[in-house]
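Student: Go ahead and model the full structure; you've got the sequences and the hints to work with.
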Amino acid sequence: SPVAKEIAQELRKKYMVEFDDSGAIGRRYRRADEIGTPFAVTVDFETLDDKSVTIRDRDSMEQVRVPIAELPNWLGSRLPA
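So in the working numbering, spot 11 of the sequence shown is number 11, and the numbers just go up one at a time.
What the hints contain is simulated information worked out from the structure, not anything from laboratory work. This one's a predicted model, so the numbers in the text were calculated from it and none came from an experiment. Please note: incorrect hints may appear among the correct ones.
To be verified - Calculated cross-link-like contacts (lysine to aspartate or glutamate; reagent style EDC-like; alpha-carbon spacing at most 16 Å):
1) K51 / E70
2) K5 / D20
3) K5 / E18
Tutor: Set out below in structure tokens:
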């Protein structure tokens, strides 16, 4: 989606980003896990309504909703610069 691509472009300014929009979400998470991605950011149907994304932590498998505007700070507090 255009929103997902815009988020990826913004995050690339500071982080390594792998954009994957193919296949089912479970397969995307598996691919992200295989390459060692610490957090997977998912844009879904709710994103357009509530302007938030789902973030999945690779290690704990926990998922949280985070407003798009807070995403860079959320990641910044959990990833090395």
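Student: Which of the listed hints are broken here?
Tutor: As far as the earlier hints go, not one is violated by this structure.
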